[in-house]
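Peer 1: Order-wise, the sequence lines are chains A and B. The first sequence begins at 1 in the numbering used here and counts up by one. The second sequence begins at 191 in the numbering used here and counts up by one.
Take the hints with a grain of salt, since some may be wrong.
Sample of chain B residues with no beta-carbon within 12 angstroms of chain A, all distances over it, derived [to be verified]: (1) 263; (2) 312; (3) 468; (4) 631; (5) 792; (6) 897; (7) 919.
For lysine-lysine, the following DSSO-like pairs were computed, each having C-alpha atoms within a straight-line distance of at most 30 angstroms [what the hints assert, rightly or not]: (8) 824/B x 642/B; (9) 530/B x 164/A; (10) 502/B x 530/B; (11) 853/B x 164/A; (12) 642/B x 739/B; (13) 713/B x 739/B.
Rather than coming from a laboratory, the hints here were simulated on the basis of the structure. C-beta: ideal position from N, C-alpha, C; glycine also.
Here are the chains, one letter per residue:
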Amino acid sequence: MTDTTQMAGETIHDVTVRVNGIRRSAHVPARRLLSDFLRHDLELTGTHVGCEHGVCGACTVLVDGAPMRSCLMFAVTAQDHAITTVEGLCSAPDARVAPTGESMNPVQQAFAECHGLQCGFCTPGFLTTVTAYLDENPSPTSEQAREAISGNLCRCTGYQNIVKSVLRAAEIKAERADERADEQAGEESS
Amino acid sequence: MTTQMFGAPIRRKEDPRLVTGGGRYLDDLGHDALAAAFVRSPHAHARIVDIDASDAIDVEGVVGIYVHEDLPGRVGEPLPLLIPHPTLTHGRTGYALARDEVNHVGEPVAMVVATDRYVAEDACQRIRVTYEQLPVVVGIESARDGERLVHDDVPGNVAAHMLQEVGDVDAALATAPHTLALELDIERSACMPMEGKGVYARWDRERGELRMYSSTQTSTGVRAAVAAKLDLPLAKVECIAPDVGGGFGVKIMHPWPEEVLVPWAARLLDQPVKWAEDRREHFIGSAHERGQLQQVTVGFDDEGRVLGLDVKFWHDNGAYTPYGIIVPIITSTQLLGPYKPGAYRCEFWSLYTNTVLVTPYRGAGRPQGCFAMERTMDAIADALGLDRAEVRSRNFILPSEMPYDHGLLFQDGRPLRYDSGDFPASLAKLKQLVGWDDFADYRRSAEAEGRKVGLGIGCYVEGTGVGPYEGGHIQVETSGRVNVSTGLTSQGQGHETVFAQIVAEELGVRLEDVHVTTGDTRKMPYAVGTFASRAAVMSGSAIAIATRKVREKALRIAADALEVSPDDLEIVEGTVRVKGAPATSMSLGTVSVLSNPLRYAFDEAARAATQFAGTFDPDKPPVAEGEEPGLEGKGFYSPTQATFANGMHAAIVETDPVTAEIKILRYCVIHDCGTMINPMIVEGQVHGGVAQGVGGALYERMAYDESGQLLNASFMDFLMPYASEVPTVEADHLETPSPLNPLGIKGAGEAGCIPVSAVIASAIEDAEGFPIARMPISPNDLWELRRRHAAGEVPSLHRQANTARSSSSSSSSSSSSTSPKEPTS
Chain A
1 MTDTTQMAGE TIHDVTVRVN GIRRSAHVPA RRLLSDFLRH DLELTGTHVG CEHGVCGACT
61 VLVDGAPMRS CLMFAVTAQD HAITTVEGLC SAPDARVAPT GESMNPVQQA FAECHGLQCG
121 FCTPGFLTTV TAYLDENPSP TSEQAREAIS GNLCRCTGYQ NIVKSVLRAA EIKAERADER
181 ADEQAGEESS
Chain B
191 MTTQMFGAPI RRKEDPRLVT GGGRYLDDLG HDALAAAFVR SPHAHARIVD IDASDAIDVE
251 GVVGIYVHED LPGRVGEPLP LLIPHPTLTH GRTGYALARD EVNHVGEPVA MVVATDRYVA
311 EDACQRIRVT YEQLPVVVGI ESARDGERLV HDDVPGNVAA HMLQEVGDVD AALATAPHTL
371 ALELDIERSA CMPMEGKGVY ARWDRERGEL RMYSSTQTST GVRAAVAAKL DLPLAKVECI
431 APDVGGGFGV KIMHPWPEEV LVPWAARLLD QPVKWAEDRR EHFIGSAHER GQLQQVTVGF
491 DDEGRVLGLD VKFWHDNGAY TPYGIIVPII TSTQLLGPYK PGAYRCEFWS LYTNTVLVTP
551 YRGAGRPQGC FAMERTMDAI ADALGLDRAE VRSRNFILPS EMPYDHGLLF QDGRPLRYDS
611 GDFPASLAKL KQLVGWDDFA DYRRSAEAEG RKVGLGIGCY VEGTGVGPYE GGHIQVETSG
671 RVNVSTGLTS QGQGHETVFA QIVAEELGVR LEDVHVTTGD TRKMPYAVGT FASRAAVMSG
731 SAIAIATRKV REKALRIAAD ALEVSPDDLE IVEGTVRVKG APATSMSLGT VSVLSNPLRY
791 AFDEAARAAT QFAGTFDPDK PPVAEGEEPG LEGKGFYSPT QATFANGMHA AIVETDPVTA
851 EIKILRYCVI HDCGTMINPM IVEGQVHGGV AQGVGGALYE RMAYDESGQL LNASFMDFLM
911 PYASEVPTVE ADHLETPSPL NPLGIKGAGE AGCIPVSAVI ASAIEDAEGF PIARMPISPN
971 DLWELRRRHA AGEVPSLHRQ ANTARSSSSS SSSSSSSTSP KEPTS
């Protein structure tokens, strides 16, 4: 349950959510969308809003690891749950610092390598969706990759390079998993 | 040697930032700003009788509520008509807030400013507007019959009537051995960028300055328009386009009502104000395009060569014409594609309807023109029993005929003169890519399995890179960092990357040292905007010109310092060095230090340029005559005419014999945009264009009812394609350089979407055996056409769908594959 107060005729809730591994709190009315809570109350603007009716998928975040449309959730319903936004993907265990200085998880890296974005507005929703998808399906076929992104709208790319990015992300993810396994084996043997 | 940058598929500089949540789009800015929301007309045509805001003003958090009569001076005058034209005799524009009449659902009537958007929308719901409804004009037929009027003082709803003619069309048609007439129909669609429009304004009271941000395709245009509206000196207004989440044309329109009202409110309230468009607002309060009815009469000889072409069309321009009649002008000129039409006459009427206004959407009138021309080519082929590609080929303008002047005026008021292109070569590539000559065999094997398949083709020419000009500014800092600015804006085209490629190549520096800024009037106040596939051509050329000036200056300064001739120097990876003796060198950063004689040493590098450092000629001034301090340069590119890119597409579709479902099995593209700066980005543009074209061909339409309500104003109901609907594009390129600009480039942005409706119509027609004259086409539409065809209401094509027609079908493949043949290479 959230703590509440009254303001301007509205009940204000003290919402606490674990966002990208950090406990974040804000006082918000019950009707505050999770998307607005993240963007405007927490100023995590990487999550974008494209339609506000759950169709385009731009606002997709991971709630306890599962992709959810943050425009279809109220912030109060996220109380005590763990949210991962696009910003949080950068600190995933398999994220690596790119030569340009940004830390990127395999999906972010793959989108940058494969020209999987143009204007970049829908991209955060694809990145979170694909990150969760590859956790469950580490080596998709091209058809499966297309299927996996078929709930998100992109108006720029025609999806072709996004499909390519999903396949490339699976490769990078596998490479990094191998590296980490090697590192762990090395640590154990030393 | 410096790694080659120009022409390489370099990864985008934008992307690391954009994939890590580092993008800054309009609504990511201004967390401290007040929020604006709008009351919009629920009626398509009505008189405003009364606006009662008494219940709204008490909503806690409301800061201000404004209606038309609150708007002072020019803010309350009609919005500008941006592109006047002599034939636009009855141009009309709306007001920032409707004065006494509304002309489409979604027209803004009142603005609320409040502490946040939720509160602002609460207040909007409490404002009661009383309307007196007026007769509504929806659809081109209704506008054309002129019985009801959108604007009382515009007879027949005709905003513009234009006629261009080359040669004697009546004589050509009278004497042609064959003539055909076609009636064609294209419905509305819209750009639908994933990010809607948005405006954020801050007023600096002490300085009397306005800084505004807009999700726009032209920050200089918005700046000038807002300064004029608010009666501010241009010097007191800056406009910045931050990251923009797609444009596709709708954001070149300006000033939108919100672009005037939000800065006005920010100044009035002396507080920052922001408005971010929501999706429904974008559907009903922005712009659409495409809707046209067309009549084509064509005369041709026994070989299928066009002798005369007579086109009439009626263009739906919506409620107002702030962007003039650019779209129908483009249709009327670009319709000709790669062909010689013989005598040509094109007459159009641009008509008002009580619907959202019409401004350019990617392709900007070309998809409609291409549809008319390509349907005509298919009809000629069918009438004569000829191969469709062959008929096209017989009408092509040949490379030897370039430059080719059609004798018409293009959208920029300049001659419609093609600069270059090799259409026969493009067609040959396309036929090979799609397996044109093998299709008859494929069809036979498909039909043996009870499947219906068809092959379609479409060719287009696109005038790109229209003027008047763009500029580029290059500055090399003492650190060696290269700052590049150009005034036009970016909406995903990768300008930071391609412009950096040009500079890296031309100057001889590393790509990572080049930093590009676009769409910021503080950096480059002279610019036009991003539209008409013009950014690479215009700003790319301007930046190249500016870079060459900087390079020349760098060599001059370095030659002086190194005591060699400039001709003996080269610049490699940011170092100026003597050719063949690379040890004699200095970095561009050092050249930058030397270019700016200093009094004060602010850091170690600057010491070298101070007045007691080194030797100098006491008889010469520190800044030589004719020179300016700083290693920087500015260049402008202003071409005499557009450069003409072209392309040819082919598709294989399958239509379900029972459900009439339409599936694109293959989609092939040959694309010629001259010299490519970055082929990866060009292909991305093609993919995205084709996807939008597929949306326009098969799924997207604006479903207005007879009362002018848009019934599908959401992503749930307006069927934008997902990955599941978009085919994989097989693309190949031809690079016919443009002779018009220093880099040989032509525009690529819009190309992909132009011929798609024509190609898909051609393929469905080929599969079904009866003409397709109306797009988009849904399974319901196709099912209905089949029913009418079976009932004898729709004629058959002359040739049967299930007979091979390929004139050069030489192979006797026994393939029983169920998928169309891919090229083996």
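Peer 1: So, for every hint listed, does it hold in this structure?
Peer 2: Hint-by-hint comparison with the structure:
{"no.": "1", "hint": "263", "in the structure": "34 angstroms, holds"}
{"no.": "2", "hint": "312", "in the structure": "10 angstroms, violated"}
{"no.": "3", "hint": "468", "in the structure": "6 angstroms, violated"}
{"no.": "4", "hint": "631", "in the structure": "26 angstroms, holds"}
{"no.": "5", "hint": "792", "in the structure": "26 angstroms, holds"}
{"no.": "6", "hint": "897", "in the structure": "23 angstroms, holds"}
{"no.": "7", "hint": "919", "in the structure": "6 angstroms, violated"}
{"no.": "8", "hint": "824/B x 642/B", "in the structure": "59 angstroms, violated"}
{"no.": "9", "hint": "530/B x 164/A", "in the structure": "41 angstroms, violated"}
{"no.": "10", "hint": "502/B x 530/B", "in the structure": "18 angstroms, holds"}
{"no.": "11", "hint": "853/B x 164/A", "in the structure": "22 angstroms, holds"}
{"no.": "12", "hint": "642/B x 739/B", "in the structure": "60 angstroms, violated"}
{"no.": "13", "hint": "713/B x 739/B", "in the structure": "18 angstroms, holds"}
Of the numbered hints given earlier, the model fails hints 2, 3, 7, 8, 9 and 12; all others are met.
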